[in-house]
Amino acid sequence: MHIVHFLSMRKFYELLQFLGVSMRIAQIAPLWERVPPLGYGGTELVVSLLTDELVRRGHEVTLFASGDSITLAKLQSVGIEPRSK
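With my numbering applied, the sequence shown covers 72 to 156.
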């Protein structure tokens, strides 16, 4: 049953792309590390890759993350200032 659900969702997504419909998406990342992270590939790396790909596919994405994050999406800093270099 899960495979049928996956295939139907995939077809639905392909239809949205064909029609030129975009989504407004909010991504929320852990706040104690920048996105993408420096020096390791944790949750923040997955959030970064997914967020940037959604933007490339034409969706309106807002990333809620630390202020020193780097993204193609609109970055909404949630009170953590960028680290000094």
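Source of the hints: derived by calculation from the structure; they are not laboratory data.
Among the hints, a few may not be true.
[What the hints assert, rightly or not] The calculated SDA-like cross-link candidates involving lysine to any residue, where the alpha carbons are at most 20 Å apart (straight line), are:
| no. | residue 1 | residue 2 |
| --- | --- | --- |
| 1 | K145 | F135 |
| 2 | K82 | W103 |
| 3 | K145 | G110 |
| 4 | K145 | T114 |
| 5 | K82 | I99 |
| 6 | K145 | E131 |
| 7 | K82 | V92 |
| 8 | K145 | R127 |
| 9 | K82 | Q98 |
| 10 | K145 | Y111 |
| 11 | K145 | Q98 |
| 12 | K145 | L125 |
| 13 | K82 | P101 |
| 14 | K82 | T133 |
| 15 | K145 | R95 |
| 16 | K145 | P107 |
| 17 | K82 | P108 |
| 18 | K145 | K82 |
| 19 | K82 | F135 |
| 20 | K145 | A97 |
| 21 | K145 | E104 |
| 22 | K82 | R128 |
| 23 | K145 | M94 |
| 24 | K82 | M94 |
| 25 | K145 | I96 |
| 26 | K82 | G138 |
| 27 | K82 | T114 |
| 28 | K82 | P107 |
| 29 | K82 | L125 |
| 30 | K145 | P108 |
| 31 | K82 | L116 |
| 32 | K145 | R128 |
So, going through the hints one by one against the coordinates:
Note on K145 and F135: the hinted pairing holds, with a Cα-Cα distance of about 9 Å set against a maximum of 20 Å. As the CA atoms of K82 and W103 are separated by approximately 37 Å, the hinted pair breaks the 20 Å bound. Of the supplied pair hints, the one linking K145 and G110 is violated, its CA atoms being roughly 24 Å apart against a limit of 20 Å. Between K145 and T114, the direct Cα distance comes to roughly 19 Å. Compliance with the 20 Å bound is thereby established for this hinted pair.
Taken as a hint, the K82 and I99 pair is broken in the structure, with Cα atoms around 26 Å apart against an allowance of 20 Å. This hinted pair checks out: K145 and E131 have alpha carbons roughly 8 Å apart, not beyond 20 Å. Distance restraint check for K82 and V92: the Cα-Cα separation of roughly 14 Å lies within the 20 Å cut-off, and the hinted pair is therefore satisfied. Between K145 and R127 the alpha-carbon distance is near 13 Å, which keeps this suggested pair within the 20 Å criterion.
A C-alpha spacing of about 23 Å is found between K82 and Q98, which places the hinted pair above 20 Å, so the restraint is violated. A threshold of 20 Å between alpha carbons decides the hint, and for K145 with Y111 the separation of about 23 Å lies outside it, so the pair is violated. Taking the CA atoms of K145 and Q98, the gap is about 10 Å. The hint holds against a cut of 20 Å. With a C-alpha separation of about 12 Å, the suggested pair K145 and L125 falls inside the 20 Å cut-off, and the hint holds.
Between K82 and P101 the CA atoms are separated by roughly 31 Å; this puts the pair beyond 20 Å, and the hint is violated. Distance check on the hinted pair: K82 and T133 sit about 25 Å apart at the alpha-carbon level, beyond 20 Å; violated. Annotation: proposed proximity of K145 to R95 holds, straight-line Cα distance about 11 Å (limit 20 Å). Of the supplied pair hints, the one linking K145 and P107 holds, its CA atoms being roughly 14 Å apart against a limit of 20 Å.
As the CA atoms of K82 and P108 are separated by approximately 33 Å, the hinted pair breaks the 20 Å bound. For the proposed pair K145 and K82, the alpha carbon gap of about 28 Å is over 20 Å, so the pair is violated. Annotation: proposed proximity of K82 to F135 is violated, straight-line Cα distance about 29 Å (limit 20 Å). As the CA atoms of K145 and A97 are separated by approximately 10 Å, the hinted pair is consistent with the 20 Å bound.
A distance of roughly 17 Å separates the Cα atoms of K145 and E104; the hinted pair therefore holds under the 20 Å criterion. Between K82 and R128 the alpha-carbon distance is near 16 Å, which keeps this suggested pair within the 20 Å criterion. Note on K145 and M94: the hinted pairing holds, with a Cα-Cα distance of about 14 Å set against a maximum of 20 Å. Of the supplied pair hints, the one linking K82 and M94 holds, its CA atoms being roughly 16 Å apart against a limit of 20 Å.
Of the pairs offered as hints, the one joining K145 and I96 holds, with about 10 Å between alpha carbons and a cut-off of 20 Å not exceeded. Taking the CA atoms of K82 and G138, the gap is near 36 Å; set against the 20 Å cutoff, the hint is violated. The suggested pairing of K82 with T114 is violated, with an alpha-carbon distance near 28 Å, which exceeds 20 Å. Of the pairs offered as hints, the one joining K82 and P107 is violated, with about 30 Å between alpha carbons and a cut-off of 20 Å exceeded.
Only pairs whose Cα atoms come within 20 Å are accepted, and K82 paired with L125 is accepted, the gap being roughly 17 Å. The hinted pair formed by K145 and P108 meets the criterion: a straight-line CA distance of about 18 Å does not exceed 20 Å. Of the pairs offered as hints, the one joining K82 and L116 is violated, with about 27 Å between alpha carbons and a cut-off of 20 Å exceeded. Restraint check for K145 and R128: satisfied, since their Cα atoms lie roughly 15 Å apart, inside the 20 Å limit.
Against the hints set out earlier in the document, violations occur for numbers 2, 3, 5, 9, 10, 13, 14, 17, 18, 19, 26, 27, 28 and 31.
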